[in-house]
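Combine both chains into one complex, guided by the hints.
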Amino acid sequence: MTDSGTADLDIERCVTEPIRIPGSIQPHGALFVVDPESLEILQAAVGDDDAVASGAAIQGARLPDLLPPEAEAMLTGIPARLGSEMVQLGTVRGREAEHHLLAHRTQDGIIVELERAAGAEPGLVAGTFPNVRGFLEGLSRCSTISELAALAAREVRAITGLDRALVYRFDENWNGTVVAEDRNDALPSYLDLRFPASDIPAQARDLYRINRLRLIASADYRPEPIEPALNPRTGKPTDLSFSVLRSVSPVHLEYMRNMGTGASMSISLMRGDQLWGLISCHNKEPAAVGYPVREACDFIAQILSMQITALEGGAYAARRAELQSVAARLLANMAASASRPAGRFVEGLARAESDLLALTGAQGAAIVTGEDMVLLGRTPPESGVREIVSWLADGVRDDLFATDSLAADMAWGERFKEQASGLLAISVSQMHASYLLWFRPEVIETVTWGGDPRKRAESDGAGPDGRLHPRTSFEAWQETVRLHAVPWDQAELEVANSLRTAIVDIVLRQAEELAALSDRLAASNRELEAFSYSVSHDLRAPFRHIVGYAQLLKKFEGEKLSERGNRFVDTIIESAISAGTLVDDLLSFSQMGRATLVPVQLDLAVLVAEVRRLFEHVEDGRTIEWRVGALPHAFGDPMMLKLAVQNLLENAIKFTRGREPSVIEIGGRETEDEVLFWIKDNGTGFDMAYVGKLFGVFQRLHRVEEFEGTGIGLANVKRIIERHGGIIAAEGKLNEGATFTVTLPKRRG
Amino acid sequence: MSDLKPILLVEDSPKDVELTLAALEQCQLANTVVVTRDGAEALDFLHARGAFEGRATGDPAVVLLDLKLPKVDGLEVLEQIKNHPSLRGTPVVMLTSSREERDLVRSYSLGVNAFVVKPVGFEQFFEAIRELGMFWAVLNEPPPRGTLG
Numbered sequence: 034m035t036d037s038g039t040a041d042l043d044i045e046r047c048v049t050e051p052i053r054i055p056g057s058i059q060p061h062g063a064l065f066v067v068d069p070e071s072l073e074i075l076q077a078a079v080g081d082d083d084a085v086a087s088g089a090a091i092q093g094a095r096l097p098d099l100l101p102p103e104a105e106a107m108l109t110g111i112p113a114r115l116g117s118e119m120v121q122l123g124t125v126r127g128r129e130a131e132h133h134l135l136a137h138r139t140q141d142g143i144i145v146e147l148e149r150a151a152g153a154e155p156g157l158v159a160g161t162f163p164n165v166r167g168f169l170e171g172l173s174r175c176s177t178i179s180e181l182a183a184l185a186a187r188e189v190r191a192i193t194g195l196d197r198a199l200v201y202r203f204d205e206n207w208n209g210t211v212v213a214e215d216r217n218d219a220l221p222s223y224l225d226l227r228f229p230a231s232d233i234p235a236q237a238r239d240l241y242r243i244n245r246l247r248l249i250a251s252a253d254y255r256p257e258p259i260e261p262a263l264n265p266r267t268g269k270p271t272d273l274s275f276s277v278l279r280s281v282s283p284v285h286l287e288y289m290r291n292m293g294t295g296a297s298m299s300i301s302l303m304r305g306d307q308l309w310g311l312i313s314c315h316n317k318e319p320a321a322v323g324y325p326v327r328e329a330c331d332f333i334a335q336i337l338s339m340q341i342t343a344l345e346g347g348a349y350a351a352r353r354a355e356l357q358s359v360a361a362r363l364l365a366n367m368a369a370s371a372s373r374p375a376g377r378f379v380e381g382l383a384r385a386e387s388d389l390l391a392l393t394g395a396q397g398a399a400i401v402t403g404e405d406m407v408l409l410g411r412t413p414p415e416s417g418v419r420e421i422v423s424w425l426a427d428g429v430r431d432d433l434f435a436t437d438s439l440a441a442d443m444a445w446g447e448r449f450k451e452q453a454s455g456l457l458a459i460s461v462s463q464m465h466a467s468y469l470l471w472f473r474p475e476v477i478e479t480v481t482w483g484g485d486p487r488k489r490a491e492s493d494g495a496g497p498d499g500r501l502h503p504r505t506s507f508e509a510w511q512e513t514v515r516l517h518a519v520p521w522d523q524a525e526l527e528v529a530n531s532l533r534t535a536i537v538d539i540v541l542r543q544a545e546e547l548a549a550l551s552d553r554l555a556a557s558n559r560e561l562e563a564f565s566y567s568v569s570h571d572l573r574a575p576f577r578h579i580v581g582y583a584q585l586l587k588k589f590e591g592e593k594l595s596e597r598g599n600r601f602v603d604t605i606i607e608s609a610i611s612a613g614t615l616v617d618d619l620l621s622f623s624q625m626g627r628a629t630l631v632p633v634q635l636d637l638a639v640l641v642a643e644v645r646r647l648f649e650h651v652e653d654g655r656t657i658e659w660r661v662g663a664l665p666h667a668f669g670d671p672m673m674l675k676l677a678v679q680n681l682l683e684n685a686i687k688f689t690r691g692r693e694p695s696v697i698e699i700g701g702r703e704t705e706d707e708v709l710f711w712i713k714d715n716g717t718g719f720d721m722a723y724v725g726k727l728f729g730v731f732q733r734l735h736r737v738e739e740f741e742g743t744g745i746g747l748a749n750v751k752r753i754i755e756r757h758g759g760i761i762a763a764e765g766k767l768n769e770g771a772t773f774t775v776t777l778p779k780r781r782g
Numbered sequence: 154m155s156d157l158k159p160i161l162l163v164e165d166s167p168k169d170v171e172l173t174l175a176a177l178e179q180c181q182l183a184n185t186v187v188v189t190r191d192g193a194e195a196l197d198f199l200h201a202r203g204a205f206e207g208r209a210t211g212d213p214a215v216v217l218l219d220l221k222l223p224k225v226d227g228l229e230v231l232e233q234i235k236n237h238p239s240l241r242g243t244p245v246v247m248l249t250s251s252r253e254e255r256d257l258v259r260s261y262s263l264g265v266n267a268f269v270v271k272p273v274g275f276e277q278f279f280e281a282i283r284e285l286g287m288f289w290a291v292l293n294e295p296p297p298r299g300t301l302g
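Read top to bottom, the protein sequences are chains A and B.
Residues 34 to 782 in my numbering are what the first sequence lists, from first letter to last.
Residues 154 to 302 in my numbering are what the second sequence lists, from first letter to last.
There's no promise every hint is true.
Stated by the list, open to error - Not everything, but these chain A residues come out facing chain B in the computed CB check (under 10 Å):
(1) M339
(2) D571
(3) P575
(4) F576
(5) R577
(6) H578
(7) G581
(8) A583
(9) L585
(10) A609
(11) D617
It is worth saying that the hints were derived from the structure and are not from the lab.
C-beta: ideal position from N, C-alpha, C; glycine also.
Next comes chain B alone, as it looks inside the complex (with noise of 0.2 Å):
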């Protein structure tokens, strides 16, 4: 159990967040999930600083980062994550509210992994944080570290 990686949700919204971990509660994944408040605090944590310095837990399995943030916003935590060489193979998720299509293109062109817009209804949320965490914190391993680039 305690080698499961954790889940990082990057979310300033105290329903999204309460709403996220009812969800991931459901899908009752063993993974522990981290909780920072805004892009500031999830670089923090990523580079074990700050507050986390010396964290205990590992790097996380999946990072689901809503787009928007205060402080540093969701695209900029993405792009450092991505262009950082030991954090760039960890999967980002994009969580949005927004439809936008500028937002998702530049997602992508930062190298996200998923994009999810949270849909309205709470059942279609749950389906998608299930089905994400799943794929992302169970299924998928990232590579191991340093051997990208």
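Isolated chain A, as found in the complex (with noise of 0.2 Å):
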């Protein structure tokens, strides 16, 4: 019976097993239930009589009328002062030897516990107060938890004269490692042996926690009954949680004598409340541990769990700090670039490349938002991350998600193993579907468990008794782990979590500025708009008036004025008609800015042929050599792409004047997603060097003697074709031409 069912079954029979109320007592002594205020006997199991009146009922007598008359003193008045906590209250002495006399308080009443003190038993100071010392000394040259656990292990085993001393230490998933021995040749070495959680159940773990220490003087012992088995007072069984003498499961006991121990003792060792491992002793023959002794040994064990909270709360510390600083690094990075305009704090990350990886300890790293994503490091191919995070993003799952395991976790997810065995993922935004994602590749692991876990349970439901047996071998059993990453530790997953939340932040931050940017922007275009609207009113008018007025002049007045006069009054037409024209230009230059944009599919073709038969006149008296090649189609607003056409053309015209002949070249072509044309002269082209000086407005590289214009055509046409969401560049030469390329991005979808 090897499959897991018969496990499962065992755990779950274990479970429920009821450990706190087991009804009897280790036979090594006796247990008395009384009640607070008379001492009166409610319940009683006495297994050593030694230190009991023989003879005497024992139910419904007082306990000191039953025990050695020094007693009387110890248990008169204990009401008062006793807690939950044990109490050594003295010892009496019976017809053959001392006994400890122990007790605490109970919702069920007092319990009082007689216990036999071991014959050359050592007083609690004197006796252990060496090894204990030693201890102590010892500490200060331990700095790791192995060199504190072996330190542990043998001064427990020297007080204790037991074989062996373990200190064992579970993982996360409760299973227990052994991480530190002492022994003698009595009993084999477990050092470094695994044991499956299931040895130590969840309701034995949960006793652990709160009772401290726990003696089985003999694996072989008959438990005595507690009579009567219900307490009159209560009608229910009485907790013997924090009793010296509980008994304990059968098949522990079982389980001991598997493991071919006859005696053991166990400590709890506290990490804060959390259960952090055993010092678990065991003898190979029955052996009682007197009771100054396991003092002594819980006074180690506590010492030694603080040490152990000391040391990996510093361990845990240094760690967070340095990955604190790494995130701090990555943080400022992100923040620098999520200030500039249009950065994006993916880039900030993507450029901190190995802090990003270092901050969790990874060794792959992808950066998802939406449909974009960076890849850093080793990981899965683009395709499988998709795969992850559209996982993640079906699952309901938290904003951070871990796991060690991720063929475990995800269907198929093995086929990621190599890169991501491991994964750490952060949601930075469930709208856009964006992650952070950390990678582990699967580390394989050799396990030596202390015996098969596969057989941890021998269960012979079907055998005459139908009880349940733990497993007989303890053999050393090898294990290899697959599919596996190192775990994420917990500073790990912390600095992740806090790295999200900062991301948020800087994400919801960005948004709040491109709010308050695009109300800033609407409101400077609705000042744009008034102010040119005012312009086209306003300033217009009074160069309309001064060549009206001045071509009144010439026309009524200009006999009476000199040849000179004459001229300076043409000049002054000329100007003011220049200056109109500017203002003009301007204004057609902001409506471009702000036209409503009706694009359609068109053939520029078409368009082309069209701006050109506006030109037919101006190739009077010159030769203009075309060559259209073929022009594709596209996605743009007719009137524009028409305007930004002339325009380009009439440069074209314009500055190859004098040529003969004038050749201009239009071509076009088209990629999977853009159009592109270009218009090539031979004209008088230009200097690279102002190539950025091109398509401002206002910006000339001819003097206006020699090139007629205002400036402003190139710079509509670029507004223009920005506008389609193009790009228009320039390239010259000085004397040799120039070329005009437009890129127009296809319609979408």
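Next comes the structure, spelled out in structure tokens:
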């Protein structure tokens, strides 16, 4: 019977076993449940009656009346000061030996236990002091947990004189690994072996958290039943959680026997209020460990617990501090790129690849924002990351998800084992499925179990006794663990989470800033519109008036003026007209930016042909050689594009003036997502040093006497093309010609 | 001569008034030109009320209307003319400095008969006025009153 169903059954039964109310005690002492006021005995189990009056009726008697006379003083008055903590009231002299008189308060009454003191049992201080002192002195030389554990194992075994002392540490799944051991040859070594979680069931672990020390003096003991079974005051069995004589599960005794141990003692190691591990001692033969010795061991265990807490806490704090400084660098990077217009936090993260990986000790990372993805280090292929992201998005998961075995969590996840056996993911924005993912590769690990964990329970459910039996073999058994990565530690998870918060803040801040910016932009657009409206009405009028009056002057008074005077008037007229034209050009430029775009699919060949017709008249007296190649279709506003092409052709004609022949070449092509067309001439060209000025408003590269114009044409073209989401580029060489290339995006969808 | 209807010029800028009058003069149109300096005055004239109560001259052959006017602006005057049962037949030419699309669209939607952006050069302006004046004042007789709705 090695199937896992059996193991589950075993755990299930153990979990339901009433270990706190076993109804019996180990027989090496006596237990009495007494009334807190009258000390009347409510329940009793007498295994060792050395100090108990023989032949007397127990139930209903007053406990001091059954014990040696010195007990009277110890027991009287205890109700006032006794708490739930175990107290040693003193020792009483039985017929054969000394007995410790121990008491603690429970809801069911006061539990008084008598436990025989060992023959040469040391006193608490005198006997155990050298070992405790040795332990305390040794602490300062220990800088690691394994050194501490080894020291504790040595001292505990020395005090108890048992055959073997182990320090046993739980992992996150409650499997335990032996991290330190001190022993003689009576029992085999368990060092480095791992024991399955089912060896110590959950309700036992719960009990170990509150009752720190358990002793089983003999694996072969016959339990002494408590009489009566139910507490007459409560009608229920009495809770023995804190009793030193509490009887244990028969399954556990069988486990001990299978392990070849006759006696065991275990002491809880706590980290804060969590069970960290155990100091577990075994003896081949049954053995008593006296109360003072147990107290000393408990003391050592408590010191060890504090040291572990401090060391792990320190290591955790150091790791945290280290990661936080990495996080701070990352955030600074991110904030720097986020504060630039159009900058995105992703760029800041992606640029700091090594920091991003160091943050969680990952070997690969992916930054996924909606459609975009950046992969860093060792990661699954993009399609794989997409799959993981959609798996994350589909499941209802927290903002942070971490696993050290993706294969165990995600169907077909083992495909990514080489890069992503470990996955740590934070969700940055649910709306756009934005995630930051870190990956760790598979690390194949060999685990040596204390016995084949697949045989953790041998149940002979079909057998005559119908009981569960623990496994019988503790032979080292090696297992190869695959599809697992090094688990993410607490500090890494926390820093990932705080990074998430920071990113969310930055993203939110960006969104807010963007909203504020677009408000300001809208306001300034409104102002600009009002301004240009007023310019169009108010600035044009004076120019019109100047021209009008000057022309009237010339007409009516021209004859009275000298030739020089007439020339002055002509200059006034000309200047005012050119100023007026400037205003008109400026206004049309501003309108270009505001006019609504109505894009359609259009044939550039047709558009160019239409525009060319406008220039037929200027070709008079000039030889213009047109070379128009095939032109693609484009998606744009016909009026606007026509204006742009018109401007470009106008320029080409203007700047080829004087060339014989003027050659103007128009061509185009398309790519998968773009349409390109260009207009090339053999005109006066320009110096590439000034290419940056070419598209500026009122920027001119030629003197006005050479080539007329206000310098707004190309600014208009640029604005039109940019409003279409396209770009325009110019290339030229002085006196050789210029080429203007327009690139327009193809229609989406 | 006296049965020639007047031209109503609505213009607030004295310079534009003078220049327009000079242009009209050169067109040698026989029509008298009535000048009003804001929208309210223009409406008073059109409705023969206020200062123009019992005016001698008849309804205008054409209204040359500036867009930007004090008190009641050009678009509003246009709207009132085109919404008035007896005035709606009067041709209105919008004269404006504006090249604003929205003014143009609004003017046409209100039923303007022509829209002239005052050119910077006087000669062009003169040409425009001459053509408009000739067309609307001389050639284009408005329909007789009352036949339009």
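Against the structure, the hints:
The interface hint given for M339 (chain A) is broken, as the beta carbon of that residue sits about 81 Å from the closest beta carbon of chain B, more than 10 Å. Proximity of D571 (chain A) to chain B holds as hinted, the smallest CB-CB distance being about 8 Å (cut-off 10 Å). Among the interface hints, the one on P575 (chain A) holds; its C-beta lies about 9 Å from the nearest C-beta in chain B, closer than the 10 Å criterion. Taking 10 Å as the C-beta contact cut-off toward chain B, the hint placing F576 (chain A) at the interface holds, the least distance being around 5 Å.
Given hint, R577 (chain A) at the interface with chain B, holds; its Cβ is 5 Å from that chain's nearest Cβ, closer than 10 Å. Checking H578 (chain A) against chain B: minimum C-beta separation of about 5 Å stays under 10 Å; hint holds. With 10 Å as the threshold, the beta carbon of G581 (chain A) comes within range of chain B, its nearest partner Cβ sitting at about 4 Å, so the hint holds. Annotation: interface hint on A583 (chain A) holds; nearest CB of chain B at approximately 8 Å, less than 10 Å.
For the restraint placing L585 (chain A) at the interface with chain B, the shortest Cβ-Cβ distance is roughly 6 Å, inside the 10 Å limit, so the hint holds. For A609 (chain A), the suggested interface contact is upheld, since its CB lies about 7 Å from the closest CB of chain B, less than 10 Å. Of the supplied interface hints, the one on D617 (chain A) holds, with its beta-carbon coming within about 7 Å of a beta-carbon of chain B, less than 10 Å.
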